[in-house]
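Novice: Sequence:
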Amino acid sequence: MKKYTADFETTTEESDCRVWAYAICEVGNPDNFIYGNNIDDFIAWCADPTHNDVLYFHNLKFDGEYIIHWLLTHGYEFVKDKKERKDNSFTTLITDMGQFYSIEIWFETSDKRHVNKVKFLDSLKILNFSVDQIAKDFNLPIHKLKIDYKEKRAVGHELTQEEVDYIRNDVEIMSRALQIMFDEGLTKMTIGSDALADYKASCPDFKLNFPILPPEIDKDIRASYKGGFTYLNPIYKGKKTGAGIVFDVNSMYPARMYYDALPYGQPIFFEGKYENDPLYPLYVQQLTCIFKIKEGKVPSIQIKHNSLFVPNEYVESSDDCLVTLTLTSVDLKLFFENYDVWDITFHSGWKFQAMNGMFETYIDKWTANKIKAKKEGNSALYRISKLMLNSCYGKFGLNGNTRKKYPYLNKDGAVAYEMGELEQRETIYIPIATFITSYARSYIIRSWQAMREYSMTKYGFDAVVYADTDSLHCLLSPDDVSELSKSLEIDDYKLGAWKFESSFKAGKYLRQKCYIEQSEDDTINVTVAGMPKRLSKYVNFKNFKIGFTTERMKIDEPKLTYRHVKGGVLLVETDFSIK
1021 MKKYTADFET TTEESDCRVW AYAICEVGNP DNFIYGNNID DFIAWCADPT HNDVLYFHNL
1081 KFDGEYIIHW LLTHGYEFVK DKKERKDNSF TTLITDMGQF YSIEIWFETS DKRHVNKVKF
1141 LDSLKILNFS VDQIAKDFNL PIHKLKIDYK EKRAVGHELT QEEVDYIRND VEIMSRALQI
1201 MFDEGLTKMT IGSDALADYK ASCPDFKLNF PILPPEIDKD IRASYKGGFT YLNPIYKGKK
1261 TGAGIVFDVN SMYPARMYYD ALPYGQPIFF EGKYENDPLY PLYVQQLTCI FKIKEGKVPS
1321 IQIKHNSLFV PNEYVESSDD CLVTLTLTSV DLKLFFENYD VWDITFHSGW KFQAMNGMFE
1381 TYIDKWTANK IKAKKEGNSA LYRISKLMLN SCYGKFGLNG NTRKKYPYLN KDGAVAYEMG
1441 ELEQRETIYI PIATFITSYA RSYIIRSWQA MREYSMTKYG FDAVVYADTD SLHCLLSPDD
1501 VSELSKSLEI DDYKLGAWKF ESSFKAGKYL RQKCYIEQSE DDTINVTVAG MPKRLSKYVN
1561 FKNFKIGFTT ERMKIDEPKL TYRHVKGGVL LVETDFSIK
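Just so we're on the same page, the numbering used here is the position in the sequence shown counted from 1, plus 1020.
In case anyone wonders, no lab produced these hints; they're calculated from the structure.
From the three backbone atoms N, C-alpha and C, an ideal C-beta is built for every residue, glycine too.
One or more hints might be untrue.
[To be verified] Taking CB as the label site, the calculated pair distances span:
{"hint": "1", "residue 1": "N1052", "residue 2": "D1152", "range": "20 to 26 angstroms"}
{"hint": "2", "residue 1": "K1164", "residue 2": "K1392", "range": "24 to 30 angstroms"}
{"hint": "3", "residue 1": "K1394", "residue 2": "E1315", "range": "21 to 27 angstroms"}
{"hint": "4", "residue 1": "E1441", "residue 2": "N1058", "range": "35 to 41 angstroms"}
{"hint": "5", "residue 1": "D1131", "residue 2": "K1392", "range": "46 to 52 angstroms"}
{"hint": "6", "residue 1": "Q1286", "residue 2": "E1540", "range": "51 to 57 angstroms"}
{"hint": "7", "residue 1": "N1058", "residue 2": "T1543", "range": "18 to 24 angstroms"}
[To be verified] Using 20 angstroms as the maximum straight-line C-alpha spacing, the simulated PhoX-like pairs for lysine-lysine come out as follows:
{"hint": "8", "residue 1": "K1562", "residue 2": "K1586"}
{"hint": "9", "residue 1": "K1102", "residue 2": "K1156"}
{"hint": "10", "residue 1": "K1553", "residue 2": "K1574"}
{"hint": "11", "residue 1": "K1156", "residue 2": "K1392"}
{"hint": "12", "residue 1": "K1514", "residue 2": "K1565"}
{"hint": "13", "residue 1": "K1406", "residue 2": "K1514"}
{"hint": "14", "residue 1": "K1100", "residue 2": "K1246"}
{"hint": "15", "residue 1": "K1415", "residue 2": "K1208"}
{"hint": "16", "residue 1": "K1586", "residue 2": "K1172"}
{"hint": "17", "residue 1": "K1599", "residue 2": "K1533"}
{"hint": "18", "residue 1": "K1394", "residue 2": "K1246"}
{"hint": "19", "residue 1": "K1139", "residue 2": "K1100"}
{"hint": "20", "residue 1": "K1246", "residue 2": "K1166"}
{"hint": "21", "residue 1": "K1506", "residue 2": "K1478"}
{"hint": "22", "residue 1": "K1406", "residue 2": "K1220"}
{"hint": "23", "residue 1": "K1392", "residue 2": "K1514"}
{"hint": "24", "residue 1": "K1519", "residue 2": "K1100"}
{"hint": "25", "residue 1": "K1406", "residue 2": "K1156"}
{"hint": "26", "residue 1": "K1023", "residue 2": "K1100"}
{"hint": "27", "residue 1": "K1137", "residue 2": "K1022"}
{"hint": "28", "residue 1": "K1081", "residue 2": "K1579"}
{"hint": "29", "residue 1": "K1260", "residue 2": "K1525"}
{"hint": "30", "residue 1": "K1293", "residue 2": "K1353"}
{"hint": "31", "residue 1": "K1246", "residue 2": "K1533"}
{"hint": "32", "residue 1": "K1239", "residue 2": "K1525"}
{"hint": "33", "residue 1": "K1394", "residue 2": "K1156"}
{"hint": "34", "residue 1": "K1565", "residue 2": "K1579"}
{"hint": "35", "residue 1": "K1553", "residue 2": "K1102"}
{"hint": "36", "residue 1": "K1139", "residue 2": "K1424"}
{"hint": "37", "residue 1": "K1170", "residue 2": "K1579"}
Based on the provided sequences and hints, a complete structural model is requested.
Specialist: Structure representation (structure tokens):
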């Protein structure tokens, strides 16, 4: 079975939504390149019994909808379960969040001893960045080209050489990049699955250390699972600041996996408050209480599933309300350090054995690969090593509750999706994921407080402005780095240490993941969740505020959004606003 990369180029008008070009390139043999100018020929190529292959689209969510529309309008039957497959049928793997993982088609065959099928996968789940960036990061001998997407191309349009070159480079870039991944033994459907499989190969006691937990236990522990610490110091909200510096942690999550004691084995349930148990030192505790932040401390608590609180904000108090929290022992320790807490009721929890070094071999391997790649100038291996270092822990947090979406044609003839029933699948081991993220939050919050204490002592003001998962932005100068290293571990290369990343002349911060900074060369670096990078040039310190919009601006390349129409899906221009 061969593997190929594929790509569609599509029209941009709702009244004429179709594929005007397709390209296919064999992985490992980029000279094997096929192209055409309509989806009928593409499907015919796939249906050839000699092509029972796997094709990767880079963003299957877009191209895949054209395939689904073609199938539903050409007599193919959608089946929810592969066991129901038959000639001229297809199945999909699409999550409740609209993430496309696969489309599999069974074509008609006269030889019932053999299956005639093709499978489409999403290379974006393996290399989660643009084709242009992949070519650069992997230092490939070709790069992404440009064409005029808006040009009108009639049915049967013969591709120009410029258009052929464009689409060929797209599929050849992905062909070359995937071959590099496969040569490293990374052949799974997602980079997370690759990372987990590679870790399992280095961990003979995997099943013993990480048993599959019953759903009710998983649910209790999962309530403690939260993401990275992202926080804006309220005294700087919406204000333009002066000069400052940025620190990043060298591989935050891999460092926590490497250095910190992590849970393993079957947890033990306890009633009430956890009591010290040297054999089971880590635990998850459920409690109800009222709390208020201590002076000079950084909030570390989010309150989810409560209409009185914004779920992604770190709160300074419970507003005199009794709230129920589920915290790891790492989070709980920080909670009592940073908040005054009263009216406490300890309900119950789960305690775990703990061990250091379970991920040491895995981290050492990919860290060594990363260092070697950098020395040798092997940019592809360097990028792969970073992906493998950062993709393993999250797989342990796989949720056992899942829903799928199933495609159908709506009354307008466009592809729509219905939500399937809630299903159960095996989890991996949620305690690992929740403790790794807890350690990471504790590390950055304690670092913030150490940096704040330093600035208060030396300069008389709180200089820490913003944190995002593994970075700290503060109004200090490069001259402070040496002295600050007495309070924080600062090293350009050591795993888990803070690295002085950059300095800036000015900044402005509106909320989490919404800020701008003026670099030393006067470039305005814009970080706004949901804003395409190409819109950054329209942002400045004067207009950067809540209410910013591109609505009345003359924009060269506006933000694009999906619109499902008859034939497939369009990328239509839309305004971007900061709300």
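Novice: For each hint, tell me whether it holds in the structure or not.
Specialist: Hint check results:
1. Look at N1052 against D1152: about 23 angstroms separates their beta carbons, and that is inside 20 to 26 angstroms.
2. Restraint check, K1164 to K1392: a C-beta distance of roughly 28 angstroms satisfies the suggested window 24 to 30 angstroms.
3. Evaluation of the 21 to 27 angstroms hint for K1394 and E1315 yields a failure: the beta carbon distance comes to about 45 angstroms.
4. A hinted range of 35 to 41 angstroms for the beta carbons of E1441 and N1058 is consistent with their spacing of about 37 angstroms.
5. In this structure, D1131 and K1392 meet the distance hint of 46 to 52 angstroms, their C-beta atoms being roughly 49 angstroms apart.
6. At roughly 54 angstroms, the beta-carbon separation of Q1286 and E1540 lies within the given 51 to 57 angstroms, and the hint holds.
7. A hinted range of 18 to 24 angstroms for the beta carbons of N1058 and T1543 is inconsistent with their spacing of about 44 angstroms.
8. Between K1562 and K1586 the CA atoms are separated by roughly 43 angstroms; this puts the pair beyond 20 angstroms, and the hint is violated.
9. The suggested pairing of K1102 with K1156 is violated, with an alpha-carbon distance near 39 angstroms, which exceeds 20 angstroms.
10. With a C-alpha separation of about 16 angstroms, the suggested pairing of K1553 with K1574 holds against the 20 angstroms cut-off.
11. Our distance criterion of 20 angstroms between C-alpha atoms is met by K1156 and K1392, whose separation comes to about 19 angstroms.
12. Distance restraint check for K1514 and K1565: the Cα-Cα separation of roughly 38 angstroms exceeds the 20 angstroms cut-off, and the hinted pair is therefore not satisfied.
13. Simply put, K1406 and K1514 have alpha-carbon atoms about 15 angstroms apart, close enough for the 20 angstroms limit, and the pair holds.
14. For the hint linking K1100 to K1246, the alpha-carbon distance of about 32 angstroms lies beyond 20 angstroms, and the restraint is violated.
15. At most 20 angstroms may separate the alpha-carbon atoms for a hinted pair to count; K1415 and K1208 meet this at roughly 13 angstroms.
16. Of the supplied pair hints, the one linking K1586 and K1172 holds, its CA atoms being roughly 18 angstroms apart against a limit of 20 angstroms.
17. At roughly 13 angstroms between alpha-carbon atoms, K1599 and K1533 fall within 20 angstroms of each other, so this suggested pair holds.
18. Pair hint K1394 plus K1246 does not hold up; C-alpha atoms about 33 angstroms apart against a cutoff of 20 angstroms.
19. Between K1139 and K1100 the CA atoms are separated by roughly 15 angstroms; this keeps the pair inside 20 angstroms, and the hint holds.
20. With a C-alpha separation of about 41 angstroms, the suggested pairing of K1246 with K1166 is violated against the 20 angstroms cut-off.
21. Restraint check for K1506 and K1478: the C-alpha separation of about 13 angstroms stays at or below 20 angstroms, so the hint holds.
22. Distance check on the hinted pair: K1406 and K1220 sit about 18 angstroms apart at the alpha-carbon level, within 20 angstroms; holds.
23. Between the alpha carbons of K1392 and K1514 the distance comes to roughly 15 angstroms, so the proposed pair stays at or under 20 angstroms and holds.
24. Distance hint between K1519 and K1100 is unfulfilled; the C-alpha atoms sit about 49 angstroms from each other, more than 20 angstroms.
25. For the proposed pair K1406 and K1156, the alpha carbon gap of about 15 angstroms is at most 20 angstroms, so the pair holds.
26. Taking the CA atoms of K1023 and K1100, the gap is near 25 angstroms; set against the 20 angstroms cutoff, the hint is violated.
27. With a C-alpha separation of about 13 angstroms, the suggested pair K1137 and K1022 falls inside the 20 angstroms cut-off, and the hint holds.
28. Taking the CA atoms of K1081 and K1579, the gap is near 18 angstroms; set against the 20 angstroms cutoff, the hint holds.
29. For the suggested pair K1260 and K1525, the alpha carbons sit about 11 angstroms apart, so the restraint of at most 20 angstroms is met.
30. In summary, the hint linking K1293 to K1353 is supported, as the alpha carbons are separated by about 13 angstroms, within the 20 angstroms threshold.
31. Pair hint K1246 plus K1533 holds up; C-alpha atoms about 17 angstroms apart against a cutoff of 20 angstroms.
32. Straight-line distance between C-alpha atoms of K1239 and K1525 comes to about 47 angstroms, which puts the hinted pair past the 20 angstroms bound.
33. About 15 angstroms separates the Cα atoms of K1394 and K1156, which keeps this hinted pair within 20 angstroms; it holds.
34. With a C-alpha separation of about 18 angstroms, the suggested pair K1565 and K1579 falls inside the 20 angstroms cut-off, and the hint holds.
35. With a C-alpha separation of about 40 angstroms, the suggested pair K1553 and K1102 falls outside the 20 angstroms cut-off, and the hint is violated.
36. For a cut-off of 20 angstroms, the pair hint linking K1139 to K1424 stands: about 18 angstroms separates their Cα positions.
37. About 15 angstroms separates the Cα atoms of K1170 and K1579, which keeps this hinted pair within 20 angstroms; it holds.
Hint compliance for this structure: hints 3, 7, 8, 9, 12, 14, 18, 20, 24, 26, 32, 35 are broken, all remaining hints hold.
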